[in-house]
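A.B. asks: Below are the chains, spelled out letter by letter.
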Amino acid sequence: MGGKSDKPLIVKGKRLDGRTAEELRPFKIKAGIIKQADGSCELEFGETKVIAGVYGPKKVLPKHLEENTRAFLKVTYSMIPFSTSERNRPGPSRRSKEISKVIKDALAPAINLEKYPQTCIDIHIEITNANAGTRTSAINAATVALIDAGIEMRDVVASIAAGKVEDQVILDLFQDEDNFGQADLPIAMMPRTGEITLVQMDGDMTAAEIKKAIDMCEKACLKIAKVQRKAIIDEYKNNEVKNNE
Amino acid sequence: MTEKKIEKLYVSDREIVIPGDVLAEGMSYLPSGRAMREDNKIIATSLGLTNIKGHVIKIIPLAGRYIPKRGDAVIGKITGIARHGWRVDIRCPFDADLPISEASQSYIDTNRYPMSKYFDVGDYIFASIFDISENRFIKLSTKNRPYRKLHNGIIIEVSPTKIPRIIGKQGSMIKMLKENSGCDILVGQNGWVWIKNDDPEKQMLMSKAIRKIETESHTTGLTDKIKKMLNTKGGKK
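For the protein sequence lines, the chains are A and B, in the order given.
All residue numbers for the first sequence refer to my numbering, where the first residue is 4 and numbers rise by one.
All residue numbers for the second sequence refer to my numbering, where the first residue is 163 and numbers rise by one.
The hints are simulated quantities; they were obtained by calculation from the structure and are not laboratory data.
Careful, some of the hints might be misleading.
[Stated by the list, open to error] Covered by chain A, per the in silico footprint, the following chain B stretches (three or more residues, Cβ under 8 Å):
hint, stretch
1, 168–182
2, 202–208
3, 216–227
Just so it is clear, the structure is predicted and the values come from calculations on it, not from any experiment.
Built from N, CA and C at the ideal position, the CB exists for glycine as well.
Construct the entire structure; sequences and hints are all you get.
C.D. replies: Structural data, given as structure tokens:
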């Protein structure tokens, strides 16, 4: 955020990568890629690449974190050193701890945690390539991994960011727009109920612009949720094909 | 609010659903298994297969870890010996114990023989869950038949959600497996399966058959497919 781009970010209503304001980057989701995990997912959102794995319900360690009536949700978000343009020091940082917490809070309302008392559900998210929108991609991937692990949930969680660049509200920012734009507004929601589980904002937007941004995100989340659903069902269809050969 | 009477079923039988899928609308439908009611809608809460019987909509889970229930028959691995009994790993989030008093019909004299004479660390046992305490401490029992120590054989690991498919309707699948291969098979609800046959090739064939059941559990006509597999491969030798 802040700083000035040396080139205009929007030319004749088209963005630098040729998208219109309300267009998403091409994305694909694949479930069940880690054999050792209970559930896993690989997601690509434009150039942002994420791998998520879910382990559990399992024993809570350390024991004092155990909750008597519900499961303890543990989320670890981390960027691998070569995921960014400049080497990223491995290990937990202020930023990754904060994003882990934000992702946990975005996913928790969708999971039936009361069904798994005195256990721990472990979610590990690795960013293998970062190009803006890592936290939203992480939420999308973690949801698919949770479903793949057979965890009981009320709904899926889909997530996307909107932002403001050159006084225009646009959807799904990529790196340059994120760096030189005026605002960034990630949102996570449950598409069936319409409940929003995450709203953050970085930068300035007027009330009308925020409303517009949220509307755009809601529409996009419905699209993403459809692909998430397809990823899970494809995994089982592929199993069938492989074994018949 | 006006009373609208919508009675509608959105899914067919044996369809894969994910959490949040609306299965049916209307108060006459009933949720079961991994389905729930929200207002007048029936919603799936987990990845699973639909099973519709009249007005009852059931979701049979396709993935997930084992959650212990009292009365379940499980296969466990002895991980330690304590003063009061044996520590057992039954592939679940909670600790499990086999107390000395529940291990055998006869009296176990710990002064005369070491406890490892009965069950040693690394042994596999077939046991029933005899009690789960409020803080989820599990007590096992091997007192009655067919619960016992498992000698020889191999243990294979499958997803606990596929166990009902391996057993089949009223034991049809497991009966077929035993008849067509001559193997001894014991199935634990926790997803461990014990196979024993003096011919190691038959053991391997059986473990392949069980793997096939695991990956294709959501397809129809599986019993016949597996029967064919066992008979053709067995006939070649």
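A.B. asks: If a hint holds in the structure, say so; if it does not, say that too.
C.D. replies: Cross-check of the supplied hints:
Proximity of the stretch 168–182 of chain B to chain A, defined as three or more residues with a beta carbon under 8 Å from a beta carbon of that chain, is established by the 4 residues found. With 3 residues having a Cβ less than 8 Å from any Cβ of chain A, the stretch 202–208 of chain B passes the three-residue criterion, so the hint holds. Only when three residues or more bring their CB closer than 8 Å to a CB of chain A does the claim for the stretch 216–227 of chain B stand; here the count is 5, and the claim holds.
No hint from the list above goes unmet by this structure.
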